[in-house]
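Full structure from sequences and hints, please.
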Amino acid sequence: MNVFNYFRGVVETALDELVAAGRLPKGLDTAKVTVEPPRDPSHGDLSTNAAMVLAKPAGLKPRELAEGLAERLRGAGSVETVEVAGPGFINLRLADDFWRARVAEILRAGLHYGRSDLGAGQKVNVEYVSANPTGPLTVGHARGAVVGDALAGLLEKAGFAVAREYYINDAGAQVDTLARSAYLRYREALGEEIGEIPPGMYPGDYLKEVGGALAERDGPRWLEADETDWLPVVRGFAIDLLMRQVKRDLHALGVNQSVFTSERSLVEAGAVDEVMRTLEARDLVYIGVLEPPKGKKPEDWEPRPQTLFRATAFGDDVDRPLRKSDGSWTYFANDMAYHLDKFRRGFHRQIDVWGADHGGYVKRMQAAVRALTEEQARLEIVLCQLVKLSKGGIEVKMSKRSGSFVTLRELIEEVGAGVVRFVMLTRKSDAQLDFDLEKVLEQSRDNPVFYVQYAHARCRSVLRHAAEAMPHLPQGPTLAQVGLAGLTDSAELALIKQMAHWPRVVEQAAFACEPHRVAFYLYDLASGFHALWTKGKDDASLRFLLEEDPELTAARLALVEAVRATIASGLQVIGVQPVEELR
RNA sequence: GUCCCCGUAGCUCAGCCGGAUAGAGCACAGGAUUCCUAAUCCUGGGGUCGCAGGUUCGAAUCCUGCCGGGGACGCCA
Numbered sequence: 000m001n002v003f004n005y006f007r008g009v010v011e012t013a014l015d016e017l018v019a020a021g022r023l024p025k026g027l028d029t030a031k032v033t034v035e036p037p038r039d040p041s042h043g044d045l046s047t048n049a050a051m052v053l054a055k056p057a058g059l060k061p062r063e064l065a066e067g068l069a070e071r072l073r074g075a076g077s078v079e080t081v082e083v084a085g086p087g088f089i090n091l092r093l094a095d096d097f098w099r100a101r102v103a104e105i106l107r108a109g110l111h112y113g114r115s116d117l118g119a120g121q122k123v124n125v126e127y128v129s130a131n132p133t134g135p136l137t138v139g140h141a142r143g144a145v146v147g148d149a150l151a152g153l154l155e156k157a158g159f160a161v162a163r164e165y166y167i168n169d170a171g172a173q174v175d176t177l178a179r180s181a182y183l184r185y186r187e188a189l190g191e192e193i194g195e196i197p198p199g200m201y202p203g204d205y206l207k208e209v210g211g212a213l214a215e216r217d218g219p220r221w222l223e224a225d226e227t228d229w230l231p232v233v234r235g236f237a238i239d240l241l242m243r244q245v246k247r248d249l250h251a252l253g254v255n256q257s258v259f260t261s262e263r264s265l266v267e268a269g270a271v272d273e274v275m276r277t278l279e280a281r282d283l284v285y286i287g288v289l290e291p292p293k294g295k296k297p298e299d300w301e302p303r304p305q306t307l308f309r310a311t312a313f314g315d316d317v318d319r320p321l322r323k324s325d326g327s328w329t330y331f332a333n334d335m336a337y338h339l340d341k342f343r344r345g346f347h348r349q350i351d352v353w354g355a356d357h358g359g360y361v362k363r364m365q366a367a368v369r370a371l372t373e374e375q376a377r378l379e380i381v382l383c384q385l386v387k388l389s390k391g392g393i394e395v396k397m398s399k400r401s402g403s404f405v406t407l408r409e410l411i412e413e414v415g416a417g418v419v420r421f422v423m424l425t426r427k428s429d430a431q432l433d434f435d436l437e438k439v440l441e442q443s444r445d446n447p448v449f450y451v452q453y454a455h456a457r458c459r460s461v462l463r464h465a466a467e468a469m470p471h472l473p474q475g476p477t478l479a480q481v482g483l484a485g486l487t488d489s490a491e492l493a494l495i496k497q498m499a500h501w502p503r504v505v506e507q508a509a510f511a512c513e514p515h516r517v518a519f520y521l522y523d524l525a526s527g528f529h530a531l532w533t534k535g536k537d538d539a540s541l542r543f544l545l546e547e548d549p550e551l552t553a554a555r556l557a558l559v560e561a562v563r564a565t566i567a568s569g570l571q572v573i574g575v576q577p578v579e580e581l582r
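Mind the numbering: the first sequence is residues 0 to 582 in numbering that gives the first Met the number 0, read in order.
Treat the hints with care, since some could be wrong.
[Said to hold, decoys possible] Here are the simulated lysine-lysine pairs, DSS-like style, with alpha carbons at most 30 Å apart: (1) K293 <-> K246; (2) K427 <-> K387; (3) K60 <-> K246; (4) K387 <-> K362; (5) K362 <-> K323; (6) K31 <-> K246; (7) K387 <-> K438; (8) K438 <-> K427.
[Said to hold, decoys possible] Computed beta-carbon distance windows for the label pairs: (9) A490 <-> R444: 15 to 21 Å; (10) Q431 <-> A490: 35 to 41 Å; (11) Q431 <-> V317: 25 to 31 Å; (12) A251 <-> P304: 47 to 53 Å; (13) H111 <-> R62: 50 to 56 Å; (14) N255 <-> R343: 22 to 28 Å; (15) E70 <-> N255: 52 to 58 Å; (16) A30 <-> H529: 38 to 44 Å; (17) A490 <-> G314: 50 to 56 Å.
It is worth saying that the hints were derived from the structure and are not from the lab.
This one's a predicted model, so the numbers in the text were calculated from it and none came from an experiment.
Cβ atoms here follow ideal geometry from the backbone N, Cα and C, with glycine treated the same way.
Structure, rendered in C-alpha cells:
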C-alpha cells in the first residue's frame with residue numbers, strides 16, 4: 000500500500016462529501032492536491048495542502064475550508080488526530096496500529112514490497128551504453144550502463160513493461176578504422192613486422208587478440224587481397240568479437256540487455272529510406288545551405304547545399320543535415336531510423352541514456368521522434384556526466400591514446416559489481432561523480448555502499464542469533480503472523496514510517512527518471528535502523544532479543560525482517576546483491 | 001554568438017511538476033562499548049540556497065535578466 004496515495008483518496012472522498020453537502024462548489028480541479036509526509040515529523044504523519052490549493056477557486060478562506068475538511072477527516076478510519084496549522088495545512092496523525100499493520104504487509108510482500116502500478120503495464124524502451132564496438136568498455140561507459148539499468152529496474156518496479164536495449168554503432172567511418180587497425184594486427188599475427196601503429200588507427204593491444212583470432216580462422220588468405228575485399232570481412236569479424244567482450248563485461252556488471260539493434264542492418268534493410276519517404280511525404284526535407292556555426296569555426300568551412308530535416312519546426316535550433324557529401328547518410332539520419340524502428344515495435348515512450356557530451360543532440364533527436372511519429376511517441380533523454388576516477392585521493396589519469404585507460408572489467412575486478420553499481424548512483428546522473436577506488440572499499444559511514452550493506456548484514460545477524468537462541472520463535476515468512484502490539488517505542492514506529500515511504504520513493508523516482516533517489520533512500524533507511532540498534536545499547540529493554548519476553552521478541556524480529564526486506568527490495572531495483580554478513 | 005547542465009554549511013552533496021523553522025555525510029568539539037558486529041550511535045556549533053527582479057497566500061524549487069563554472073554547436077559516433 001502506498002499510504003500517501005491511499006489517504007489522498009480519503010481526502011478526495013471527504014471533498015466529495017463537502018460538495019454533496021453544498022459546502023463546496025461542484026467541478027473543482029483537485030489535480031494540485033497532495034498528501035505528503037511533512038518535513039517536520041512533529042507536524043504529524045501526513046499533511047495535505049488541499050485547503051490552500053482549493054480556497055481561491057472555491058471562494059473560501061483557506062483556514063475556513065481547512066476546518067470543514069478537517070471535520071470530515073476526523074471520522075476517517077485509522078486517523079487519530081487532525082489539526083489545521085499554518086496557512087491552512089491539514090496535518091493527520093495515524094493510529095499506531097495502522098503503522099504496525101505495515102510491517103505485516105511488508106513481510107507478506109517480501110522482495111515485491113514497493114511495487115507500484117503507476118506504469119499500468121505501459122511499454123517503455125530504455126536504451127543505454129550503446130558504445131561503439133571499437134574496443135573494450137571503460138569506466139566512462141560504466142555510469143551510463145548502471146544508470147540505464149537501474150532506471151529500467153526502477154520503471155519495472157513502478158509497473159512499466161520495460162525493454163532494455165543496446166544500439167550497436169557498427170556503421171560509419173569508425174568501424175572501418177577498426178577494420179584497418181585489426182588488419183594490421185592480423186598481418187602482425189602472421190609474422191609481419193608492422194612497426195609503430197600509424198596515427199588515426201586504434202593502437203590498443205586488445206586488437207592483437209582480434210588479429211590473432213582472424214589469422215587462426217582464415218590463415219594468410221587476406222594478405223594479398225584488395226582492401227575492398229578484406230575490409231568487410233575483417234570489420235564484421237572484429238565487431239563480432241568485440242561485441243562478445245562488451246556483452247561479457249556488461250554481464251559481469253549485472254547488465255543484460257535483451258535487444259541489440261545493429262545500425263548497419265537497419266541501414267541495409269532500407270530503414271533510412273523509409274525515414275526519408277516519411278519526411279518527404281510531410282514536406283519536412285529540403286535542400287538548403289546552413290549558416291556557418293558561430294564561435295569556433297571549422298577551418299574548412301564553406302557554404303554548401305545539403306539535404307536538411309526541418310528540425311526547427313519541432314523545437315530544434317537549426318535544421319539538421321541528413322546526408323554527408325559523399326552521399327551516405329549522417330549518423331543522425333541513421334539514428335532517426337532506429338528511433339522510428341522502436342516506435343514501430345510499439346514503444347510510444349522511449350528513454351535514451353547518453354553521455355553529457357551528447358547534450359547538443361537532445362533537441363534534434365526529440366524533434367525527430369516527434370516528427371516521425373506525428374507526436375505519438377515521446378523521447379526522454381537522461382544525460383550522464385563524467386566519472387573522475389581516483390585512488391586514495393589521487394586522480395587516475397586516463398588517456399585512450401596512450402592506452403592507459405581503465406577498463407570496466409578491471410574496475411569490476413578491483414571493487415566488485417555491487418560496489419560499482421551503488422557508487423554510480425550516489426550522485427544524480429547529470430552531476431560529475433568522483434569514484435575513489437580506495438574509499439569505496441572503506442568500512443565506514445562515509446561509504447554509502449558499506450553503510451547500507453552493513454544494515455542488511457546486521458538484520459541477518461539478529462535473525463541468525465534469534466534462530467539459535469530462541470529456536471521456538473517464528474522465522475522467515477511466518478513472522479507476518481505474529482502480534483505486533485509490542486512495537487510501541489518511538490524509534491520503532493519512526494522506522495516503520497520510514498519504510499512506508501518506499502512505495503512513494505519508487506513512484507517519484509520513476510516519474511522523474513532518477514534512480515539515484517533509491518540509493519539515497521536506502522542510505523536514510525539504513526541510518527534509521529542503525530540508530531534503533533544502538534538505542535538498544537543504551538536501553539536494554541529495547542534490544543531485539545529478549546529471552547524473557549518471546550512475544551515482544553517475535554514482534555521485533557518481524558520489524559527487523561521488514562527492514563531487511565525493504566533494503567533488499569531497494570537493492571534489487573538498482574541491481575545490487577544484498578550481503579548476508581560483512582567480513 | 002546560440003543552446004544545454006551546474007552554482008545550497010569550511011569540504012562533498014541531497015532536497016526542485018512551490019508548502020510550514022532548508023537537510024545529510026565529512027571535518028571540528030564533546031559523549032556512549034560486560035551487550036544482537038562501537039565497522040555503529042547520540043549531542044553541539046556552523047547558511048545573504050550565486051545576484052537582482054517577477055508570479056504566488058507561500059519561492060532553494062517556477063519565469064526573466066545578469067555573474068561565475070562546465071559542455072555542445074555542417075558531412076564524429
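Hint by hint, here is what the structure shows:
no., hint, result
1, K293 <-> K246, "violated (41 Å)"
2, K427 <-> K387, "holds (14 Å)"
3, K60 <-> K246, "violated (62 Å)"
4, K387 <-> K362, "holds (27 Å)"
5, K362 <-> K323, "holds (20 Å)"
6, K31 <-> K246, "violated (45 Å)"
7, K387 <-> K438, "holds (13 Å)"
8, K438 <-> K427, "holds (19 Å)"
9, A490 <-> R444: 15 to 21 Å, "holds (18 Å)"
10, Q431 <-> A490: 35 to 41 Å, "holds (37 Å)"
11, Q431 <-> V317: 25 to 31 Å, "holds (29 Å)"
12, A251 <-> P304: 47 to 53 Å, "holds (49 Å)"
13, H111 <-> R62: 50 to 56 Å, "violated (42 Å)"
14, N255 <-> R343: 22 to 28 Å, "holds (24 Å)"
15, E70 <-> N255: 52 to 58 Å, "holds (55 Å)"
16, A30 <-> H529: 38 to 44 Å, "holds (39 Å)"
17, A490 <-> G314: 50 to 56 Å, "holds (51 Å)"
The structure is inconsistent with the numbered hints 1, 3, 6, 13, although it conforms to all the rest.
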